[in-house]
Amino acid sequence: MPMEYKKLNMPDGSTERTDFICKIITDDSDNVVTDSWIPIDTDNRDYVEYQVWEAIDGNTISDAD
Amino acid sequence: MSNIVLKGSTSGDVTITVPAAAGTNTVSLPAATGSLPLSNLLHVTNRPNVKPIVINGDMRISTRGTSVTGITDTGYHSLDRIALDLSDNGTWTQTLSTEVPTGQGFASSLKMDCTTADSAVATGAFHLLRYKIEGRDCQLFKKGTGSAEYITVAFWIKSNLTGTFTTEIFDSQGDDRNISKTFTIDTADTWEKKVLSFIGDTSVAQPNTSALGLSVNIWMTGGATFTGGTLQTAWGAKTDNERADTSVNIASSTDNEYYLTGLQVEVGEYTASTLPPFQFETLQDSQMRCARYCQKTVSANNNFVGRGFSSDGDGRGATLIDTPCAMRAGPTITTSAASTFKFAIGTNASGNGSGFIVKGYFSQAGMNQGQGFDSNQNFVVWLDISASGLSNGAFTRGVSNGDSFVQLEAEL
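These protein sequences, in sequence, are chains A and B. Per this note's numbering, the first sequence starts with residue 1271, numbered consecutively. Per this note's numbering, the second sequence starts with residue 2, numbered consecutively.
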């Protein structure tokens, strides 16, 4: 299923969050299956997994909406 | 006289030995009928852990779901605390199964069923089950000291395939050290109990943190990257091709499957005849210990999700969700789509959620003061969701608009 990492903005949209990133998995019809907020913390294995993904050439996190 | 030899009723004998002793010593036998536990008595007096080291070793908690299909890569899929490391070795379904060894007290097992075969083992392929232990919980092994303890690993396993496989203890701290031993599945489709004892590691102590300490790895397949060398059967720095020795490609056919239960890790050196019995936990205890690593709530349509209030005019509702215990680390918060949540006051419901504004958690630091968690005290999860039809400041129920879920994950 398609997966996307995204940055997140603060609720007022003024600045980028520095505590969480987002991982969204959609189905083939673009419906959201899971929406994960991942703490920016190397104790969190999902964040470490993101770092591994991001280190691969061509992989880039999307900007916040 | 230092020995007494008792002849067996039909064959053999039993020797009772008396060591060199000073003075007069008296050992009283109980006035009762039965069998002495003999060497099994060691675990009664020597077992340093009150609860089993392995959480969910009896494979009955599956917070993420009882069956997960289409597995092709690494992760925690179904059974709690049991990771699968998988690459280039077929497609699998992982299930909580009721298939168990008879008469052992187990009610469930982990089942891996191959649904797409991979007939050739690629060089970098791997397929192993991993049980990962926090550094804090590894201290009793006394690793890195002259008193380092033996570690004994035991489990029940069954497969349609026979052959040689490997159990490895891996130390992710320090300089990546490991020790491995092979085991065999001797008879197809038959439960077999494996007991493997590993000498303690007197080098490289385990940091006393909530990060990954030791992991117990059961290799079902390894490509040439991980096999082919001489298996490392003494503790030492990791050499990749000395980690495993597997004669079998577990993904060779869609007929292949294997089961595992009764995973047990003990401090000390034991054999099949001296291994202490499996420590069964109550369901409640097992669930609570698993919840340190994964929690999930699933709600059907209109069912309660959390306490809510409209937090910003009529376009934004907040839901506060209580959690049962602290987690190992700050958790990933995974939910179903925003449209699966809404808010309700009495019988009036808001519009469906249209997006998440905030997902976060509040630590309740005071509740666990002094317990030394790394900032992960009891906490409340907080979801702020865009939704129309809310009255500013009103208290509401956060409810589900269909099959919604909130999952918190702080696994190793």
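Don't read these hints as lab results, they were simulated from the structure. It is possible that some hints are incorrect.
One-sided and incomplete, this derived list gives chain B residues near chain A with beta-carbon spacing under 10 Å [what the hints assert, rightly or not]:
| no. | residue |
| --- | --- |
| 1 | 10 |
| 2 | 33 |
| 3 | 237 |
| 4 | 338 |
| 5 | 361 |
In silico contact screen, one side only, chain A against chain B (beta carbon under 7 Å); selected entries [to be verified]:
| no. | residue |
| --- | --- |
| 6 | 1306 |
| 7 | 1308 |
| 8 | 1309 |
| 9 | 1321 |
| 10 | 1325 |
| 11 | 1326 |
These numbers come from a predicted model, not from an experiment. The beta carbon of each residue, even a glycine, is placed where N, CA and C say it ideally should be.
Hints, one by one, checked against the model:
| no. | hint | result |
| --- | --- | --- |
| 1 | 10 | violated, 58 Å |
| 2 | 33 | violated, 52 Å |
| 3 | 237 | violated, 26 Å |
| 4 | 338 | holds, 4 Å |
| 5 | 361 | holds, 7 Å |
| 6 | 1306 | holds, 4 Å |
| 7 | 1308 | holds, 5 Å |
| 8 | 1309 | holds, 4 Å |
| 9 | 1321 | violated, 14 Å |
| 10 | 1325 | violated, 16 Å |
| 11 | 1326 | violated, 14 Å |
The structure fails to meet hints 1, 2, 3, 9, 10 and 11 from the earlier list, while all remaining hints are met.
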